[in-house]
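Colleague: The task is simple: from the sequences and hints, build the whole structure.
If you read the sequences in order, they're chains A and B. Residue 175 in this note's numbering is what sits at position 159 of the first sequence, and the numbering runs on without skipping anything. Residue 208 in this note's numbering is what sits at position 192 of the second sequence, and the numbering runs on without skipping anything.
Simulated from the structure, these hints should not be mistaken for laboratory data. Hints should not be assumed to be uniformly reliable.
In this list, chains with the same sequence are indistinguishable; a pair is considered to hold if it fits within one copy or across any two.
Calculated pairs, DSSO-like style, for lysine-lysine (alpha carbon to alpha carbon, straight line, at most 27 Å) [to be verified]:
1. K144 with K375
2. K412 with K383
3. K144 with K364
4. K122 with K89
5. K355 with K412
6. K43 with K375
7. K60 with K123
8. K375 with K44
9. K304 with K144
10. K283 with K87
11. K122 with K87
12. K412 with K375
13. K191 with K283
14. K412 with K19
Owing to the predicted nature of the structure, the values given are computational and were not obtained by experimental measurement.
There are 2 protein chains.
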Amino acid sequence: MFKIFPIDGGVCAPEGFVADGISAGLKKSDSEKEQLDVGYIFMKNPCKVCAIFTQNTFQAAPIVYFNQFVKDKESNFILINTKNANAMTGERGVSDVREVMECLIKKYPQIKNPIMSSTGVIGVYLPKEKIMESLDKITFENKDNFSHNRAAKAIMTTDRYEKEVAFEVVLQDGKNFRIGAMAKGAGMIQPSMATMLCFISTDAKIPEQEAQKILESCVQKTFNAISVDGDMSTNDTVMLMQSGLSQAYDSVAFEQALLMVMDKLAKDIVADGEGATKLVGFRVSGAKDVFEAQKCAKALSNSLLVKTAIFGCDPNWGRIASTIGASQVMCDANKLSIKIGGVLVYDKGEILFDVQREKLASTQMQKESFMVECDLGIADGEFTAYGCDLGYEYVKINADYRS
Amino acid sequence: MFKIFPIDGGVCAPEGFVADGISAGLKKSDSEKEQLDVGYIFMKNPCKVCAIFTQNTFQAAPIVYFNQFVKDKESNFILINTKNANAMTGERGVSDVREVMECLIKKYPQIKNPIMSSTGVIGVYLPKEKIMESLDKITFENKDNFSHNRAAKAIMTTDRYEKEVAFEVVLQDGKNFRIGAMAKGAGMIQPSMATMLCFISTDAKIPEQEAQKILESCVQKTFNAISVDGDMSTNDTVMLMQSGLSQAYDSVAFEQALLMVMDKLAKDIVADGEGATKLVGFRVSGAKDVFEAQKCAKALSNSLLVKTAIFGCDPNWGRIASTIGASQVMCDANKLSIKIGGVLVYDKGEILFDVQREKLASTQMQKESFMVECDLGIADGEFTAYGCDLGYEYVKINADYRS
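Modeller: So, in structure tokens, the structure goes:
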């Protein structure tokens, strides 16, 4: 057996990683002081970086650049800028990425095949001069114990707090490896499609053919529970960098730890959704299969009427039932059961919603986090999607001019 | 050729129809005066009533009742109640409908195979006693010139105003017929799934095999432009009653007039969307086919980020582009063009969004109604979906306890 326990250090926790946040003046307005707006991760020994990108047809320029020039090569550097997505910018966008990357290589010969990642406004050309000027601030040793945290801060957009995590995995033979990560989200993700970025570092020594497969499997169970492939922003990215320096590896332990990393960050992203006050899990069980369970769970987590009812702490189970019925999955009112915050309100055709249960459920809904459980009673497909409520703050953030 | 012109009278404009709104005390709280909450339409000579219902798996009890007991029979009466959807109420819900319908027949022998339609909260049993007590107020002659308007008022829920329309069609040979209708909507429809009801009356003499077909074709072009089949409430209903008393008919003229009736009501429903301040048309052209155009147009009209940008009068075309790219239709950034309120902001890979155009587009967005036009430049599929903005008022209405 193996043991997994949380450690400090974020993306710099595994051996061989340097990260920091710097300022390129992207977030700066005339009256404000400089803020961190460009983050980077450097890995001492280059390796193939695994990546999963948005399914949006209009992939942003840095993604196009990665697929054209970096994929399948060994790389050791990721540069992440905020305030500008470099999306819908055509060939000029891609050549802007290339220019910034060439500037990096020219300045720092230790950088191999650098990767760029961007988040921010769509349809505006990259402020590449500002970014290139900031590159002088890059260092190749961690300056202090907070550099990983500055990197996580630098990639934030409307996020209210930085999102970091790290675990140490101790294998049965006493060997150990580490996984660290940082992410940004803050939009309500699907269906609002604010960009989700996640960068994972590890010193585990993963067989080359396994890394991408495990990454995909874990994304499916975590980030895809908060965001549908086809409904992503132009920039969504999950990347895994592996230094291999621990010389240790166990596929079951690694997958488990990676799942924990992503699960934590995915929940952080939902809980930090724009204007969100609550994290809600929608567990659908008893579906025809896992795909129908997923379809139904996501329909619930995306329903405007369900989201606003949650904001109002109203255990309005009729809206939940109606959303299930509209989600086009196999279901039957006489087999369906619905629990809100553990309180059974509808059971196989029977309405159990009396004043007492209503009060109880409403009290549960006032918590920061609770579950909505729907058993379709058809077969054994199961999926849990995470969502948040929708309140005034969401409208405020997104109706504000050019947020 | 034929002529179509608007007339007064709503659902009572065609010959042979009686309608009114009465009060069953459903909307009444102790302190308030009685409000109209039950509407009815009576047709002097029974005929087969055409109907299109929600695709929601959990169809409400009145729909189940219609399909079991009324469909294919001649009918002459529709009773519509508010405040209670009679949905998720199982067999008891259906037997409650039957009880109310039997009470109607017993009281009034002139009523044949009456139909019920409901809108309101889901998952609460029908207050059938209150409704049955109110049936004594039914009359079989129009009391005055406002009875059609009282019927339209009675079926309102969160609607801010009643939705009625009527047209007279004069054929080339001088014969004429009329179409009238009333509707309720007010939820933001898809994706929030508030119930949409529409009742249409006509004295045209439609060949039996044609009526249902024309009704379906017109729904596809109108109500389905504001609402996807699979994403409807438990109660959505469109019904067509035909008295045949005019003895006149022309299929092209009838279809045109019916389309005008539904188009008017569909736009009224969107413009009266909960908390809506603007009606926006999303015209997608140049799509691979009409289905892809529809998919893309609806994705735009449902995007939370697009809806909130519209509320904020922000011509944030990047959100529009990102939504198109995420909608999984065939598209290409180098072929796409986007116009907001007639202002071209992106043209086949070229970003035209300068300060002047931005200002111009933002000014257009301050209007009560404007178009977002996206030419995908692939082939000639075209569809226009209608949507509205999402502001604070929507959250207020829907977060209020048990709205």
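Colleague: With reference to the structure, classify each hint as holding or not holding.
Modeller: Each hint tested on the structure:
1. K144 with K375: Classified as between; 26 Å across copies, 56 Å inside a copy.
2. K412 with K383: Both. Shortest intra-copy (23 Å) and inter-copy (20 Å) distances satisfy the 27 Å Cα cut-off.
3. K144 with K364: Close across copies (23 Å), not inside one copy (60 Å); limit 27 Å.
4. K122 with K89: within (18 Å within a copy, 82 Å between copies)
5. K355 with K412: Close across copies (25 Å), not inside one copy (32 Å); limit 27 Å.
6. K43 with K375: Close across copies (23 Å), not inside one copy (46 Å); limit 27 Å.
7. K60 with K123: For K60 and K123, the Cα distance is within 27 Å only inside one copy (16 Å; across copies 88 Å).
8. K375 with K44: between (48 Å within a copy, 23 Å between copies)
9. K304 with K144: Neither way: K304 and K144 sit 51 Å apart in one copy and 36 Å across, limit 27 Å.
10. K283 with K87: Close neither inside one copy (29 Å) nor across copies (49 Å); limit 27 Å.
11. K122 with K87: Within one copy, since 20 Å is at most 27 Å while 77 Å is not.
12. K412 with K375: between (30 Å within a copy, 21 Å between copies)
13. K191 with K283: Neither: 30 Å inside a chain and 67 Å across chains, both beyond 27 Å.
14. K412 with K19: neither (44 Å within a copy, 48 Å between copies)
Violated hints for the displayed structure, listed by number in ascending order: 9, 10, 13 and 14.
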